[in-house]
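J.: Work the whole structure out from these sequences, hints included.
The primary structure of each chain is shown beneath.
Protein chains: 2
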Amino acid sequence: MSALEREMLEIGRRARAAASALRLASSEARTTALKAMAGRLRGRADAIAEVNARDVAAALGKGLTEAYIDRLRLDADRVRAVADGVETIAKQPDPIGAVSAEWVRPNGLRIQRVRTPIGVIGMIFESRPNVAADAGALALRAGNTIILRGGSESAETTAAIVAELRAALPTSGLPEDAIQHVPTQDRDAVGMMLAGLRGSIDVIVPRGGKSLVARVQNEARVPVFAHLEGICHTYVHAAADPAKAAAIVLNAKMRRVSVCGATETLLMDRAIAPTLLPRIAQQLRDAGCELRGDDAACSITAMEAATDTDWSTEYLAPILSVHVIDGIGDAIAHIARYGSQHTESIITEDQGAAAQFLREVDSAIVLHNASTQFADGGEFGFGGEIGIATGRLHARGPVGAEQLTTFKYVIHGNGQIRP
Amino acid sequence: MSALEREMLEIGRRARAAASALRLASSEARTTALKAMAGRLRGRADAIAEVNARDVAAALGKGLTEAYIDRLRLDADRVRAVADGVETIAKQPDPIGAVSAEWVRPNGLRIQRVRTPIGVIGMIFESRPNVAADAGALALRAGNTIILRGGSESAETTAAIVAELRAALPTSGLPEDAIQHVPTQDRDAVGMMLAGLRGSIDVIVPRGGKSLVARVQNEARVPVFAHLEGICHTYVHAAADPAKAAAIVLNAKMRRVSVCGATETLLMDRAIAPTLLPRIAQQLRDAGCELRGDDAACSITAMEAATDTDWSTEYLAPILSVHVIDGIGDAIAHIARYGSQHTESIITEDQGAAAQFLREVDSAIVLHNASTQFADGGEFGFGGEIGIATGRLHARGPVGAEQLTTFKYVIHGNGQIRP
Numbered sequence: 001m002s003a004l005e006r007e008m009l010e011i012g013r014r015a016r017a018a019a020s021a022l023r024l025a026s027s028e029a030r031t032t033a034l035k036a037m038a039g040r041l042r043g044r045a046d047a048i049a050e051v052n053a054r055d056v057a058a059a060l061g062k063g064l065t066e067a068y069i070d071r072l073r074l075d076a077d078r079v080r081a082v083a084d085g086v087e088t089i090a091k092q093p094d095p096i097g098a099v100s101a102e103w104v105r106p107n108g109l110r111i112q113r114v115r116t117p118i119g120v121i122g123m124i125f126e127s128r129p130n131v132a133a134d135a136g137a138l139a140l141r142a143g144n145t146i147i148l149r150g151g152s153e154s155a156e157t158t159a160a161i162v163a164e165l166r167a168a169l170p171t172s173g174l175p176e177d178a179i180q181h182v183p184t185q186d187r188d189a190v191g192m193m194l195a196g197l198r199g200s201i202d203v204i205v206p207r208g209g210k211s212l213v214a215r216v217q218n219e220a221r222v223p224v225f226a227h228l229e230g231i232c233h234t235y236v237h238a239a240a241d242p243a244k245a246a247a248i249v250l251n252a253k254m255r256r257v258s259v260c261g262a263t264e265t266l267l268m269d270r271a272i273a274p275t276l277l278p279r280i281a282q283q284l285r286d287a288g289c290e291l292r293g294d295d296a297a298c299s300i301t302a303m304e305a306a307t308d309t310d311w312s313t314e315y316l317a318p319i320l321s322v323h324v325i326d327g328i329g330d331a332i333a334h335i336a337r338y339g340s341q342h343t344e345s346i347i348t349e350d351q352g353a354a355a356q357f358l359r360e361v362d363s364a365i366v367l368h369n370a371s372t373q374f375a376d377g378g379e380f381g382f383g384g385e386i387g388i389a390t391g392r393l394h395a396r397g398p399v400g401a402e403q404l405t406t407f408k409y410v411i412h413g414n415g416q417i418r419p
Numbered sequence: 001m002s003a004l005e006r007e008m009l010e011i012g013r014r015a016r017a018a019a020s021a022l023r024l025a026s027s028e029a030r031t032t033a034l035k036a037m038a039g040r041l042r043g044r045a046d047a048i049a050e051v052n053a054r055d056v057a058a059a060l061g062k063g064l065t066e067a068y069i070d071r072l073r074l075d076a077d078r079v080r081a082v083a084d085g086v087e088t089i090a091k092q093p094d095p096i097g098a099v100s101a102e103w104v105r106p107n108g109l110r111i112q113r114v115r116t117p118i119g120v121i122g123m124i125f126e127s128r129p130n131v132a133a134d135a136g137a138l139a140l141r142a143g144n145t146i147i148l149r150g151g152s153e154s155a156e157t158t159a160a161i162v163a164e165l166r167a168a169l170p171t172s173g174l175p176e177d178a179i180q181h182v183p184t185q186d187r188d189a190v191g192m193m194l195a196g197l198r199g200s201i202d203v204i205v206p207r208g209g210k211s212l213v214a215r216v217q218n219e220a221r222v223p224v225f226a227h228l229e230g231i232c233h234t235y236v237h238a239a240a241d242p243a244k245a246a247a248i249v250l251n252a253k254m255r256r257v258s259v260c261g262a263t264e265t266l267l268m269d270r271a272i273a274p275t276l277l278p279r280i281a282q283q284l285r286d287a288g289c290e291l292r293g294d295d296a297a298c299s300i301t302a303m304e305a306a307t308d309t310d311w312s313t314e315y316l317a318p319i320l321s322v323h324v325i326d327g328i329g330d331a332i333a334h335i336a337r338y339g340s341q342h343t344e345s346i347i348t349e350d351q352g353a354a355a356q357f358l359r360e361v362d363s364a365i366v367l368h369n370a371s372t373q374f375a376d377g378g379e380f381g382f383g384g385e386i387g388i389a390t391g392r393l394h395a396r397g398p399v400g401a402e403q404l405t406t407f408k409y410v411i412h413g414n415g416q417i418r419p
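Protein chains in written order, with my numbering: chain F, 1 to 419; chain G, 1 to 419.
Hints are all accurate, no fakes.
The list treats identical chains as one, so a pair stands whether inside a single copy or across any two.
Dumping the calculated SDA-like pairs for lysine to any residue here, alpha-carbon to alpha-carbon at most 20 Å:
no.	residue 1	residue 2
1	Lys210	Gly199
2	Lys244	Thr275
3	Lys210	Arg128
4	Lys91	Trp103
5	Lys91	Pro106
6	Lys244	Ile417
7	Lys91	Ser27
8	Lys244	Ala271
9	Lys244	Arg418
10	Lys210	Leu228
Because the hints were derived from the structure by calculation, they are not lab data. From a predicted model like this one, the values you see are computed outputs, not experimental measurements.
T.: Structure representation (structure tokens):
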């Protein structure tokens, strides 16, 4: 066994042992620890920002992109915002112990389905060091331990954040090992996590670029909560309110172009396109967005011609593909063919059309008359998210504390035997 | 590509296409189809029993065990019982479309979590051909399609049952391909299913012996709902009612020894053992059960000495290991060490002890004053079960129609954009 393997298995063993303790910890102890984490992060905001400045300087020296540096950067204000996020999670209702269903059988057995922690979460992330705090807090809210493995460029910042999170745990009697940090940047450590550290990891959550997520999805031997990409659609139906449509499309594409809930393709009914598309296109161009349209869109207002690959491209950039279609059936078929089952929105005043879209589109999140950028755990009221899942099992959409739980059946009898 | 691979991928393709149709089928259409299935099975009970008699004759020729033959055997009465089971599932509430949570955000967005089908289930089973009907019906109740792969000894019976299930589907406008049968006995077909048939299988459910389940758990690249074994415990606490304890232990072990919810180990508090263990041991011996005890148990009443492997053995036979312990802490620790997180029961009149046991034992099912043999979807009121899961994600305990669903978030807005 290599030294790395020994080190990683020891991290897993400690995480599993801490999970056994955490499973039985009171709600109050976990809440108190979360508040202490927020307090420590806030109190050490300047020091963490200083550490981060060194990470940023090193990254600049390596010539990384401005977008990458921005994800990496954590000034004192941002650290305080991270602390506020942890505080918000501390105030969320505790999912653990909640009875999600209860019924009595004819023989008198009373059956309860009770929420319990999953156990150990393996979190693999890249450039954003704040993920360590968000994920650590959500895991603890749901009674889980977590093994955090961040990217090399943010290594020092992540270590500084994790140190504060861990230091907050013993103050309410919880084990420091409830939050584990993988200090090594050896890529083999990720492979070992994906193999589950001999049963010490129950679920893996990757956060980062498409190549990281693809590697995790391909190699993991334990369940994964993830989305590979967010090719999100906004469909402007013939019966759309033009002002709502214009405002929502602009927001859905341009509020932040780098988030997975950003709209990448605009579908618009042919009946409304000649009057509405020029207005929306002008707004988008004014905001700095490039448009790529099919023949019909190009003939209505000047834009680049889209190629077939545009429909399956997640730009994460100020670019929007535009497809003019013949009604809701086309919209649903296009989304089924090219979408990533992430988030899609219909803009219409026709309640029947909205109901059909919401029912027939098979995505984690479907919206009516709202921006796709609401695909976010905070916007759902979860207090944060550990990620967004497009898989079909256990968690789907934004993954908050409730989705980081499992359940058990608790059965109350008075002597029943089975006939 | 081999001919087998082509055939299997075509089965997957058809199952996935049928899933798209089934996802949008009405509750009424699925209920009608389920009733038609029950009717066809009932009407063809004699014919199916004849086919089964040939499977049984062939199996007898191969010298298979009596227990194996019993699982394989399906006389006309048993076929009618299978039909009744399908009828029961038809009457279960439809999980699809149910709103499992709903809330309104401060910005006016109304968010609903709505149950939807998972998609395609891959079912791999061994000797019991009735599994085809139970699993097919539960899958359809939850709007899923299913690919059924039965064992070689029951191949003809399974084919006859599947033919009736499929024939019932078009009568309510549903695609026959919603229920697919893998006709080949080539073991490579199982390997292809475990690889997911290129994304055509969302979850695998194995039903059969430990070696089958172990293979599935080790090789599957898609999620699995399963239990490897059921090493279930009944803990007779010092404050147990002796009559309840005696009746429950006898039932938990001996009602049927071959089910996964059968108790394999009896834990008994030292304080009550001298008076209660002789009575319970006598009852068990009278019923034909062999006892294997630790030193304390052997000194109280004559029995075989247990070895350390007994505590981690799922006998599935009229054998019970007996361990005399010093209170609830020992019971919980023993179960954590040797149990399989399946089903455990405490027998006590002490409500505090019961609450502690129910909370601290980390199994899919925990009971108070009831037999572990209630670990069964029918006994839970699910109308049946596709299996019992001891994993921690998505499904746990008996897997009924509700656990064969996923969900999506449906968001109703009136023009909201994200700040």
